[in-house]
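Asks: Single-letter residue listing:
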Amino acid sequence: MSATQQYLLLLGLMLGTVGVVLCLYGLARSMGPTHGEPGKDVPASAGVLSRDPVWGRYHARYYGYALLFLAFDMEMAYMYPWAVVYKQEGLVALLDMGVFLAILFLGLLYGWSQGALRRQ
Amino acid sequence: MTIAAVLLALMVSAWLLAVIEAWLSTGRLRPVAPLLAGLSHLGRESLLPRKPDRLFFETAPVLLLVVAVLGAAVLPLAPGLVIADLATGALFVNAALAYVLVALIMAGWGPNGAYAMVGGWRFLGQLIAYAMLIVMPITAVAMRAESLLNTAIVASQASLWNIVYQPLGFVLFFIAAMALAFRAPFDLPTAPGELAGGVDAEYTGMRLAVLRLARLVLVITLATATTVFYLGGWHGPLLPPWAWSLIKTLTVAVSMLLAGHYLPRIREADLLSWCWKLGIPLALLNILIVGLMILVVP
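As you go down the protein sequences, you meet chains A and B in turn. Per this note's numbering, residue 1 is the first one in the first sequence, and the count goes up by one each step. Per this note's numbering, residue 1 is the first one in the second sequence, and the count goes up by one each step.
Do not take every clue at face value.
Unchecked claim - Quick list of the computed label-pair ranges, beta carbon to beta carbon:
#1 A/Leu106 / B/Thr2: 45 to 55 Å
#2 B/Leu29 / A/Leu106: 47 to 57 Å
#3 A/Thr4 / B/Met293: 31 to 41 Å
#4 B/Ala95 / A/Leu67: 21 to 31 Å
#5 A/Gly56 / B/Leu29: 44 to 54 Å
Unchecked claim - Subject to a maximum C-alpha distance of 16 Å in a straight line, what follows is the list of computed EDC-like cross-link-like pairs (lysine to aspartate or glutamate):
#6 A/Lys87 / B/Glu146
#7 A/Lys40 / B/Glu45
#8 B/Lys51 / A/Asp73
#9 B/Lys51 / A/Glu75
Since the hints were derived computationally from the structure, they do not count as laboratory data. Every value quoted in this text rests on a predicted model; they were computed, and no experiment measured them. C-beta atoms are modelled at their ideal positions from N, C-alpha and C, and glycine is treated no differently.
Using the sequences and the accompanying hints, generate a full structural model.
Replies: Structure (structure tokens):
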């Protein structure tokens with residue numbers, strides 16, 4: 001099977017799954033309507049609507065980690081092709097990536113020493 | 001034919017997992033209960049909360065199910081028994097499961113409820129913790145197989161399973177997989193007893209049924225991935241290959257359940273600390289050890 005066919009197959013699988021879920025929703029809807037009663041649609045919060053917008057309830061205190069995560073996530077994009085040819089390239093590949101990872105790891109240690117690795 | 005067989009295996013495993021999960025928590029073995037529970041959701045009202053982000057609210061359960069199925073579609077259960085054996089299979093599993101985060105953020109944002117919102121954003125912190133421990137061990141697996149084809153990864157373990165070859169990678173991947181599937185010690189986005197269900201809180205009726213099914217399928221997908229990457233996939237004596245895949249997948253899934261059954265929920269700050277201060281150095285060490293072993297032992 002060619003790569004295009006494989007991806008088309010996966011697309012079909014995706015659409016099929018969505019189709020099954022839509023059928024289930026349709027079946028559930030055919031069982032009867034939802035009765036509109038007062039207060040039924042209030043989100044779970046002691047029965048009253050919250051005064052402030054709900055997105056104000058959470059502070060992303062992990063932003064120190066998040067910045068380091070960006071660096072590591074970029075690095076992973078290079079790791080996969082490298083991993084495939086690793087055995088062919090041998091010691092050269094190990095040293096090349098070793099230097100790269102060592103610098104990245106030093107970055108992690110530096111971030112740690114500066115207090116990036118804690119809940120802010 | 002292959003597609004039907006793979007999807008059937010996925011559904012049967014999800015059903016068995018649901019039965020075992022109920023058995024662990026209630027002490028009673030009721031094989032039909034998950035099916036009845038699913039059917040009963042048909043007759044229940046599926047409420048829409050006040051002022052929702054309708055698009056996000058509706059997309060989240062479907063998206064979670066779709067990515068779990070797509071992840072399973074590239075994992076082989078036996079020689080030839082794989083829906084799409086992509087040349088970038090191992091990477092595709094990652095790519096598909098990255099959308100678990102998107103689905104949970106949507107489920108958190110969509111209903112405009114405080115508990116759901118906290119659950120959704122919490123999972124973003126959880127992703128920052130576990131993501132590296134998913135991708136780095138897979139890199140080491142790909143190094144040994146010299147390929148990202150999932151069938152080649154299984155074939156590379158014919159003589160020695162990766163759980164023996166790189167046990168450190170297995171432990172890290174197993175823990176990260178539990179965090180990705182938000183199973184019990186890492187169930188921060190749902191957190192029953194603390195967040196009133198979190199991202200599940202506002203879902204009712206059929207939408208909730210789809211969300212729960214998606215969670216079960218996600219666990220099975222990750223257990224299959226663990227089997228393919230570390231437990232030698234379909235390799236095993238006597239029994240046919242597909243049976244070995246199913247047995248190993250279920251064993252991994254049940255051990256995830258058991259681990260969650262006996263461990264207290266971890267705090268988000270602790271999870272981030274452990275993953276970054278211990279997990280990532282260990283994952284890099286794992287890559288180094290595997291790299292040296294490949295060079296030294298031909």
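Asks: If you test the structure against every hint from before, which numbers come out violated?
Replies: 8 and 9
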